[in-house]
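If you read the protein sequences in the order shown, they are chains A and B. For the first sequence, our numbering gives the first residue as 1, with consecutive numbering after it. For the second sequence, our numbering gives the first residue as 1001, with consecutive numbering after it.
Worth flagging that the hints you see were computed from the coordinates, not collected in a lab. Check before you lean on any hint, since a few could be wrong.
Footprint (simulated), chain B over chain A, 3 or more residues, beta carbon under 8 Å [what the hints assert, rightly or not]: (1) 236 to 248; (2) 251 to 265; (3) 311 to 319.
Derived DEER-like restraints, expressed as beta-carbon distance ranges [unchecked claim]: (4) Gly1319/B - Glu342/A: 24 to 30 Å; (5) Ser336/A - Trp1191/B: 33 to 39 Å; (6) Pro1345/B - Val78/A: 39 to 45 Å; (7) Arg1168/B - Thr58/A: 51 to 57 Å; (8) Arg183/A - Thr1057/B: 26 to 32 Å.
Just some of the chain A residues that point at chain B, by a computed CB distance under 8 Å [said to hold, decoys possible]: (9) Gly214; (10) Gly217; (11) Pro218; (12) Asn223; (13) Gly226; (14) Val231; (15) Arg269; (16) Arg272; (17) Gln305; (18) Glu306; (19) Ser307.
The beta carbon of each residue, even a glycine, is placed where N, CA and C say it ideally should be.
Number of protein chains: 2
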Amino acid sequence: MDRRSVVSGMVGLGALAGAAPALSHARTPPRGYPRIATEEACSFPEIVAELKKVAATTGTNLDLEMVQAIYGPQAVEVGTSALAGLLDVGAGRIAAMDEAGVDVHLLSLTSPGVQMFSADKAVALAEIANDRMAEAIARYPDRLAGLAAVAPQEPVRAAKEMERAITRLKLNGFVINSHTGNRYLDEPDFWPILEAAEALDRPIYLHPRAPSDGMAGPFRGANLPGWGFGVETGTHVLRLLFAGIFDRFPRLRIVLGHMGEGIHFWEARLDRRYSFSSYAAGYRKLQLRPSEYMKRNIAITTSGQESHNALDYSIRTLGVENVMWAIDYPYEDSRSAVQFMETAPVSHEQKAKIFGENAQRFFHIDIS
Amino acid sequence: MDRRSVVSGMVGLGALAGAAPALSHARTPPRGYPRIATEEACSFPEIVAELKKVAATTGTNLDLEMVQAIYGPQAVEVGTSALAGLLDVGAGRIAAMDEAGVDVHLLSLTSPGVQMFSADKAVALAEIANDRMAEAIARYPDRLAGLAAVAPQEPVRAAKEMERAITRLKLNGFVINSHTGNRYLDEPDFWPILEAAEALDRPIYLHPRAPSDGMAGPFRGANLPGWGFGVETGTHVLRLLFAGIFDRFPRLRIVLGHMGEGIHFWEARLDRRYSFSSYAAGYRKLQLRPSEYMKRNIAITTSGQESHNALDYSIRTLGVENVMWAIDYPYEDSRSAVQFMETAPVSHEQKAKIFGENAQRFFHIDIS
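Let the hints inform the model, and build the full structure from the sequences given.
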């Protein structure tokens, strides 16, 4: 996509407002399962306007580099192209989905969401983003679903917005882009958010952002493609696990993209090291082994990690019920992602679960 | 082991000085392959004495916690038990190996090696440790091999000691415990070390230590068992890769323990993100894809990661030639490690490579 796509996308958004649900889409695809992509990024003009202000600031925060690459006056070509795709939640996106054979996008406000804004602004913009997302879904109810933006800066207000997003806006879950102001969700201040997610029975998609300032040192200037995102997000979810969050909120479900950010590759070592509890007096006594929480409280998606070996490993360790398909649109290629999953050496039943059934179950997506 | 083992181990060391090679050990085990354990920790009294001084200091460095747990006045029980095992490079260790059915320990000075000492002290202690290690091996040449300690604080002197360790002491490779003073080996100052390893045709075992100060923030107080070690070491080797170190030193071989610290689980995503080179102007142009360097310049061991699924994944992605067996003695259980590998669902030929042949090739271990 080029810059024109931004315009056509936004025109499309206006032109289609209030349109009837897209009836062109076959409700039961001939292949027997829907292809529901579960980590599909979008944005809205109000958010972009504020991120442009962030991009104009200076600082050493690693997220700022990415924000500047997409929203800054010197945005790189890939960044401006991504921005066009992000802003199009209408006809352009649906056309791209049709072209690649994708049935549903589970939308999420792209990283860093509202998490780099001041608290009041973040709360207000999360509401706006969630309203905009619900409007987009209303136009294409068979083709779009969505994760609500959350402003962890204000946990109690965030919990209220989470309830509104599910009960009023009929969104499907939540997205949080790892740390907020260098703080992690295991801190008790944030527990209202975890409590709300559990009570509403919807997952939190813990999406990457760049390593927090306290972890950023060796990443600065090193250009390790994607690795910092994984380290940040993997560390975050392991902080939750070893802080006992999944004992306190046993039905909380965290979804990790990018083939689980690799944390389940560590399950045997984590189980073993944790069993040496006398090593560090600080290990909290947990009710389950680390690998057991991974199966019970974590689910993963395949976004941007097109490796059949990694998929096979993930199915064997976490179980096929805990693996979902994702593209990471518009940052990754939709056709490649479809091809990856269609050619995966798994059974038809497994493919149906990964492509669609698991997402329908976890996110309460009703595409009939 | 308990405190008595420290004493018996050190007595054993003295009593056996100058003893003939242990002839009790069958040179060709009936099973058809030797079991060579490749990440087996040890220490020596001179090093312990200096680490006790480190343990008496205060600071926020994360390694200090581990040093205090083993060497401090309030050392925990597991720590003192480990210390006993570390110091025994004689009869006690051989007996433990016999009991578990382990043929060879490839010794390495336990983390953080000499890397927390001042430069001059580190250089002197590396030489002492390497001399002591060579003496221990001379007593059991069929049962012990060793990786030389390195003092990266003084790269040129380190390179000279590396040459001495291989050509004079007949050691088998090198061990470096990740960062040194929060600096990483991709910095040009350290290149004499990488050049020496390549010229001497011996791997550098990049062993974990705790996250460097610039990365330690989210790990403080979080007690994530083993995860920080992996993040630190994985980040280190990816810094090498994306800095173009393996273009400059194409025959350099880095060995990673703990099932490769998980970095090869990322190979598809790293390849893909790297291909988006226009995203970040800073990506250095590399001659190969990231996953190709992993196969050419990295080898991994199974230390402390007893997962057949992870082993299978590793063989499929890196190739069986690049996977070696390890225990992580005395921190991990030898019998469990043997059992893990003996029961692995691999062919006899693959088992022979992982248990012994690969280590013989990479580390020039001649156990005949």
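Right, here's what the structure says about each hint:
no.	hint	result
1	236 to 248	holds (count 5)
2	251 to 265	holds (count 4)
3	311 to 319	holds (count 4)
4	Gly1319/B - Glu342/A: 24 to 30 Å	27 Å, holds
5	Ser336/A - Trp1191/B: 33 to 39 Å	38 Å, holds
6	Pro1345/B - Val78/A: 39 to 45 Å	43 Å, holds
7	Arg1168/B - Thr58/A: 51 to 57 Å	54 Å, holds
8	Arg183/A - Thr1057/B: 26 to 32 Å	30 Å, holds
9	Gly214	2 Å, holds
10	Gly217	2 Å, holds
11	Pro218	5 Å, holds
12	Asn223	4 Å, holds
13	Gly226	4 Å, holds
14	Val231	5 Å, holds
15	Arg269	5 Å, holds
16	Arg272	6 Å, holds
17	Gln305	5 Å, holds
18	Glu306	6 Å, holds
19	Ser307	4 Å, holds
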